[in-house]
Amino acid sequence: MVVLDMLVLATTLLFLIMAVLGCVLDLSRIFLAQAKLQSEVESAALSAALELDGTTQGVEKARIAAGTYQVEFSSPLHPEESKSVRLSARSRVPLSMVRIVVRGDARDVMASAVAEHMGPESPVKAELVRAEAAK
Amino acid sequence: MKQRGRRGAAVLEFALAFAILAPITAASVQFIFAHVQLALLQKMVHAGAREGSALAWDSADDKPTAVFQHKVENAVLYGSTDEAANKPMLMNIRRDQIQVLVDYGEGRPRRIGVAIKGFRLLGGGAWKDLNGSPVAWFPYRAASVTP
Chain A
26 MVVLDMLVLA TTLLFLIMAV LGCVLDLSRI FLAQAKLQSE VESAALSAAL
76 ELDGTTQGVE KARIAAGTYQ VEFSSPLHPE ESKSVRLSAR SRVPLSMVRI
126 VVRGDARDVM ASAVAEHMGP ESPVKAELVR AEAAK
Chain B
38 MKQRGRRGAA VLEFALAFAI LAPITAASVQ FIFAHVQLAL LQKMVHAGAR
88 EGSALAWDSA DDKPTAVFQH KVENAVLYGS TDEAANKPML MNIRRDQIQV
138 LVDYGEGRPR RIGVAIKGFR LLGGGAWKDL NGSPVAWFPY RAASVTP
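These protein sequences, in sequence, are chains A and B.
Okay, so the first sequence: first residue is 26 according to the numbering used here, each after it adds one.
Okay, so the second sequence: first residue is 38 according to the numbering used here, each after it adds one.
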């Protein structure tokens, strides 16, 4: 009887611990994926901003540097006049335990960054103006 | 007599449950701690590569100078190239575990990267050696190259 009681208690607690651990791991995975995506987007935004030289070739090079990320130039009608560029990206993170609590088997993480091509007097050629992360 | 028997059963239940659950709880806490460390390391290499990509290149070849290396290490450890500025973000990491990577071409760096090598991440009673991960790369963007 004692052993049976203990087994019921231990099993219940074990399930609870596993559920909490699973949720924490999922959250950690979301956080890591978000941080990685943010880093990649910031890097790509700087690469794109470095290419902005006031020419259409520069705009093309900036688009190539942006890769698969969504690109918005500060002058959408005349991108060659743009001094800054905004990149945004979205990635899906598969979930394991959190799906018990929230609906869906994956969670979207988003990241964006705005980088500006700096003037000739600046010690750096491009600088990050804004970086935004969203989970 | 009956009272003593019930108390004994409770003690035995507690002992058995504790023997099973305590190691699992300890391993879980350690595992979570390892994930927090990994997230922090990701943030640190990101900061290091970003700061390093804006530093003036003061080497004649693709090998960073000791000064450059030191500044990037500071950025990884403290979030700033100035080491007096802050406390280290992670206490148990050493400078020799920070690897500064340079993608070099046409007489100047193209990209600056930072990776972690030889760092042991403890979690759930096991460990994972980080070699070259996490890593972050940034395009080199400093205006001056002064060999």
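No lab work stands behind these hints: they were computed from the structure.
C-beta atoms are modelled at their ideal positions from N, C-alpha and C, and glycine is treated no differently.
Please note that the accuracy of each hint is not assured.
[As the list claims (entries may be wrong)] Derived pair list, reagent style DSS-like, types lysine-lysine, alpha-carbon separation capped at 25 Å:
id, chain 1, residue 1, chain 2, residue 2
1, B, K124, B, K80
2, B, K154, A, K150
3, A, K150, B, K124
4, A, K150, A, K61
[To be verified] What follows is a list of derived Cβ distance ranges for each label pair:
id, chain 1, residue 1, chain 2, residue 2, range
5, B, A103, A, R88, 47 to 53 Å
6, B, G144, A, V45, 52 to 58 Å
7, A, E106, B, A180, 27 to 33 Å
8, B, A59, A, A44, 39 to 45 Å
9, B, L77, A, E106, 25 to 31 Å
10, A, P101, B, K100, 39 to 45 Å
11, A, T81, B, F70, 40 to 46 Å
12, B, F70, A, A44, 50 to 56 Å
13, A, T81, B, A180, 21 to 27 Å
Structure versus earlier hints - violations, ascending order = 2, 3, 5, 7, 8, 9, 11, 12
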